[in-house]
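Chemist: Use these hints to put chain R onto chain Z, whose structure you have.
Each chain, letter by letter, is given below.
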Amino acid sequence: MSTPTVEKHSAALDAVEAGGTKLITVTFRIRRFNPEEHPEPVWVDYQLEMDPKERVLDALNTIKWEQDGTLTYRRSCAHGICGSDAMRINGRNRLACKTLIKDVNPEKPITIEAIKGLTVLKDLVVDMDPFFQAYKDVMPFLITKGNDPTRERLQSAEDRERFDDTTKCILCAACTSSCPVFWNDGQYFGPAAIVNAHRFIFDSRDEGAEQRLEILNDREGVWRCRTTFNCSEACPRGIEVTKAIQEVKRALVTRRF
Amino acid sequence: MQIHQYDTVIVGAGGAGMRAAIESTQRSRTAVLTKLYPTRSHTGAAQGGMCAALANVEEDNWEWHTFDTVKGGDYLVDQDAAEIMCKEAIDAVLDLEKMGLPFSRTEQGRIDQRRFGGHSRNHGEAPVRRSCYAADRTGHMILQTLFQNCVKHGVEFFNEFYVLDLLINEGRTAGVVAYELATGEIHVFQAKAVVFASGGTGKMFKVSSNAHTLTGDGQAVAYRRGLPLEDMEFFQFHPTGIWRMGILLTEGARGEGGILRNKDGERFMERYAPVMKDLASRDVCSRAIYTEIREGRGCGPDGDHVYLDLTHLPPEQLDAKLPDITEFARTYLGIEPYTDPIPIQPTAHYAMGGIPTNVEGEVLRNNTEVVPGLYAAGEVACVSVHGANRLGTNSLLDINVFGRRAGIAAAEFAEANEFVPLPENPEQLVQDLVDGLREATGTESVAQIRKELQESMDTNAMVYRTGATLKQAVEDIAALKVRYKNVAIQDKGFRYNTDLLEAIELGNLLDLAEVLAVSALAREESRGGHYREDFPTRDDVKFMQHTMAYQEVAEDGSTSIRLDYKPVVQTRYQPMERKY
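Order-wise, the sequence lines are chains Z and R. Read in order, the letters of the first sequence correspond to residues 1 to 257 in my numbering. Read in order, the letters of the second sequence correspond to residues 1001 to 1580 in my numbering.
Since the hints were derived computationally from the structure, they do not count as laboratory data. Some hints here could point you the wrong way.
[To be verified] With a straight-line cut-off of 30 angstroms between C-alpha atoms, the simulated DSBU-like cross-links for lysine-lysine are: (1) R:K1152 with Z:K168; (2) R:K1152 with Z:K249; (3) Z:K22 with R:K1451; (4) Z:K102 with Z:K116; (5) R:K1451 with Z:K53; (6) Z:K136 with R:K1152; (7) Z:K22 with R:K1263; (8) R:K1481 with R:K1206; (9) R:K1263 with Z:K53; (10) R:K1098 with Z:K145; (11) Z:K116 with R:K1152; (12) R:K1098 with Z:K168; (13) Z:K145 with R:K1087; (14) Z:K168 with R:K1206; (15) R:K1098 with Z:K136; (16) Z:K102 with R:K1451; (17) Z:K243 with R:K1152; (18) Z:K22 with R:K1206; (19) Z:K116 with R:K1492; (20) R:K1471 with R:K1451; (21) R:K1206 with Z:K53; (22) R:K1485 with R:K1206; (23) Z:K145 with R:K1152; (24) Z:K102 with R:K1206; (25) R:K1098 with Z:K249; (26) Z:K243 with R:K1098.
[Claimed, not checked] One side of the interface only, derived from the structure: several residues of chain Z facing chain R at Cβ under 7 angstroms: (27) A12; (28) V16; (29) E36; (30) W65; (31) T70; (32) S84; (33) K122; (34) V125; (35) P140; (36) L142; (37) D148; (38) E152; (39) L154; (40) S156.
All of these numbers come straight from a predicted model, not from anything done at the bench. Where is the CB? At the ideal position from N, CA and C, for every residue including glycine.
Extracted from the complex, chain Z is given alone in its bound form (with noise of 0.2 angstroms):
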């Protein structure tokens, strides 16, 4: 037997422990639009008694249960793994189920709006199919040539860890509908389809860099990038877009990667 020993407590955990927070009432004012009923979006203001603790999508979700059940967005996972729930709150894209009420200012209303960019089908359900075009034209999977090895491919540990941080993208579209040019230039790629093609441009394995940076080298392609870092402040999973779309314009004029 280990010997027992004794947690050393926080404060914060103590604080978490306790519970019996203290329910605030908090406003959300929401960005609402269903062009069945009425051709112009609207605004509409939803109170709640909330624990700040809650995420932002228990919000919305007590809002479809028990205010009104039209309210319509897109979510899964609700802990910030499958991407579905990527808004604009407080004018920032946030995933919904990853932002806690205490951390956007709950003394004043909430405002939540569907992501930019991309066309409004209902409340703050976009059409994503532009976005995922994007991803697709830039062959974002492991090109290779000659034959499979019997077992796996060898990559080292460094080799690995090159490309570690695109690997985290969820898809969520937080990056490319915060990027102003995007919003000005429906051709342009967006961050998340420069972020996948990172992914695979710095993956040892892969031999389909050349392909990929050519057509990252079009007049839509990587070179509209602004450098405005509102990518990477959005990505909700810490990626650093921004670095990442560098990194890829200098593989374009070194052909080094």
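Modeler: Only chain R this time, still in chain Z's reference frame:
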């Protein structure tokens, strides 16, 4: 209403569906119908790894893996299927690597492997490093890699198409009927072969690791068309869900050295599993946690949880191997796992049961006969490789091995057979269902009924069960089903009507919860994930067999459940007492 024709239709675009699609698209004209965009599926939430006896870091072989799987499943596993899975596991991992999956690597550049619950060297001697992983994002990487390869092979997806009916004509598969979420339109897909890969049912419980969307849609559709559901009473409760929220914290955390502790700081698993300790199988750990809580050794003011302690592990190791789950603790609990233990409790995680299939993925209509042209793979299916309790990582293995097999088998069936004529008015059942809900003027709310269902299931049908609690669950569900007939939805529109969708999903959950409770009530023994306090031991004489639950429809339209049983396939392993 639109009618489409494809050789093969795959329902669901998670791991199993996409793995099947990669195979079937290369062999037959294939459509994938999916309620969600492909990368939204809950395969992406799997964290710890995928076991295969690669022996990259220490001695291992697939026979040991098979034994662990059979033992982990408390001998309810069909041993021929487990053998196939563990043997093909090696190629399944290598195939994923060749498709581009970025596995974590050893110093020699090989796929790294780590320990995982219930996986042992030489039939239980000691834990073994068998789980191939990519940090704690293995499911995410599998899902992304499979989607990438679907893009490469030009797989045709129908995104946000919700399959609500299965068409069977004279005993043969004719197609499926789907509801298009964007428009409210109904689509009939005539197909020679159909593969169900629509995932689990974990939203029938309140504290659950499952996505909102995991509502047992495929199981419910098959069940209503008279097909049996196998072993639905076996539901896995993962030991380490975030307290109250249920968000999964991978078993890989314990594989990396994490320890479960009670309020006294004691490593209590040493008392329950002297050899495997914190890496005992999930059912054993979950019961141990609840025993600690019941006996007053739980943590916090209400004593209703225990701790997952990672504080003795170097921060660099947590950053490299467990980056996501440590971030979950920070985001959702506001605590720092470097210095504080994480409050956890068991969380509803995985349905071992489902639509019965054979090892080719063909769906069984009874104990011996298949439905020609119908296949199932992944959590929706029951092969059965998981028996009474699934081992950690074997779900990612299952979707890859049996997703691939089902995809190949379905496409080959489609190649060799003609279309079966559609039944008359193929869309009728779905049209009536959708119209009925849209026009309903009842007084009950979907959210309220779902909440009461989840609360009853957590109270009555979770880690500890008795005849009395299960009877209570059956009664509660029956009452909720009556109330469900009186629900109304607020959204009457056609465009993205998720209000309607949630109502349909609730109907599925109610039916499946009832099957779970009735099957569990009849199983008067304790085995794997099914623990009866009133029958605390395994009874191999009476219950070493699979439950097969059928819906019976009476002349007046009322339904009931008929239970039958199916023998377990045993090859080389005789049932033994299960110790870890």
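Chemist: Hint by hint, say whether it matches the structure.
Modeler: Hint by hint, here is what the structure shows:
| no. | hint | verdict |
| --- | --- | --- |
| 1 | R:K1152 with Z:K168 | holds (20 angstroms) |
| 2 | R:K1152 with Z:K249 | holds (25 angstroms) |
| 3 | Z:K22 with R:K1451 | holds (23 angstroms) |
| 4 | Z:K102 with Z:K116 | holds (24 angstroms) |
| 5 | R:K1451 with Z:K53 | holds (21 angstroms) |
| 6 | Z:K136 with R:K1152 | holds (9 angstroms) |
| 7 | Z:K22 with R:K1263 | holds (26 angstroms) |
| 8 | R:K1481 with R:K1206 | holds (18 angstroms) |
| 9 | R:K1263 with Z:K53 | holds (24 angstroms) |
| 10 | R:K1098 with Z:K145 | holds (12 angstroms) |
| 11 | Z:K116 with R:K1152 | holds (29 angstroms) |
| 12 | R:K1098 with Z:K168 | holds (19 angstroms) |
| 13 | Z:K145 with R:K1087 | holds (28 angstroms) |
| 14 | Z:K168 with R:K1206 | holds (29 angstroms) |
| 15 | R:K1098 with Z:K136 | holds (19 angstroms) |
| 16 | Z:K102 with R:K1451 | holds (25 angstroms) |
| 17 | Z:K243 with R:K1152 | holds (27 angstroms) |
| 18 | Z:K22 with R:K1206 | holds (23 angstroms) |
| 19 | Z:K116 with R:K1492 | holds (27 angstroms) |
| 20 | R:K1471 with R:K1451 | holds (19 angstroms) |
| 21 | R:K1206 with Z:K53 | holds (19 angstroms) |
| 22 | R:K1485 with R:K1206 | holds (22 angstroms) |
| 23 | Z:K145 with R:K1152 | holds (15 angstroms) |
| 24 | Z:K102 with R:K1206 | holds (24 angstroms) |
| 25 | R:K1098 with Z:K249 | holds (27 angstroms) |
| 26 | Z:K243 with R:K1098 | holds (28 angstroms) |
| 27 | A12 | holds (5 angstroms) |
| 28 | V16 | holds (5 angstroms) |
| 29 | E36 | holds (5 angstroms) |
| 30 | W65 | holds (3 angstroms) |
| 31 | T70 | holds (4 angstroms) |
| 32 | S84 | holds (5 angstroms) |
| 33 | K122 | holds (4 angstroms) |
| 34 | V125 | holds (5 angstroms) |
| 35 | P140 | holds (5 angstroms) |
| 36 | L142 | holds (3 angstroms) |
| 37 | D148 | holds (5 angstroms) |
| 38 | E152 | holds (4 angstroms) |
| 39 | L154 | holds (4 angstroms) |
| 40 | S156 | holds (5 angstroms) |
Of the numbered hints stated above, none is contradicted by the structure.
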